[in-house]
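Asks: In the working numbering, the protein residues as written are 1125 to 1260.
One thing to keep in mind: the hints can contain errors.
[To be verified] Straight-line C-alpha distance at most 20 Å; calculated EDC-like pairs for lysine to aspartate or glutamate: (1) Lys-1194 / Asp-1150; (2) Lys-1194 / Asp-1157; (3) Lys-1194 / Asp-1140; (4) Lys-1194 / Asp-1156.
In case anyone wonders, no lab produced these hints; they're calculated from the structure.
Quick caveat: nothing in here was measured; it's all calculated off a predicted structure.
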Amino acid sequence: MTGLGAALRQVRRFNDAITAYTQASDIFRELDDRHGEGATLNNLGNGLQHVRRFNDAITAHTQAASIYRKFGDRHGEGTALNNLGITQRELRRSRGLLALWRRITRRRDEPASTATVSAVTARQVGRWCGYGWGPC
1125 MTGLGAALRQ
1135 VRRFNDAITA
1145 YTQASDIFRE
1155 LDDRHGEGAT
1165 LNNLGNGLQH
1175 VRRFNDAITA
1185 HTQAASIYRK
1195 FGDRHGEGTA
1205 LNNLGITQRE
1215 LRRSRGLLAL
1225 WRRITRRRDE
1235 PASTATVSAV
1245 TARQVGRWCG
1255 YGWGPC
């Protein structure tokens, strides 16, 4: 279902992709595959962004980041947080972006997260600064 969701999103059938991602997320949850659930929720959030359902996208990305954090997957968490930042930017939630920035950079002294922080901050901060947000 995740592959189907990606294919549907690729051909811009976003509502069908959202349905596929939702079903896949439910299946991963039933199978107790938390990593698969996290990845699918992150993809679901991206699909929801495309149809401008930003509050739902924020929920999906937040859940994905939480799942990744629970399992110590800093790369997955960073990706979900990056997508969360993009969604918040769409809603012009500058306070949310600043809080997210602080949360990401606070972890910089954790060795496992250094690469994730670098990847997320390099891309996202550049985007935030273009909007006059963040530590620019």
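Asks: Which of the numbered hints above does this structure break?
Replies: 3
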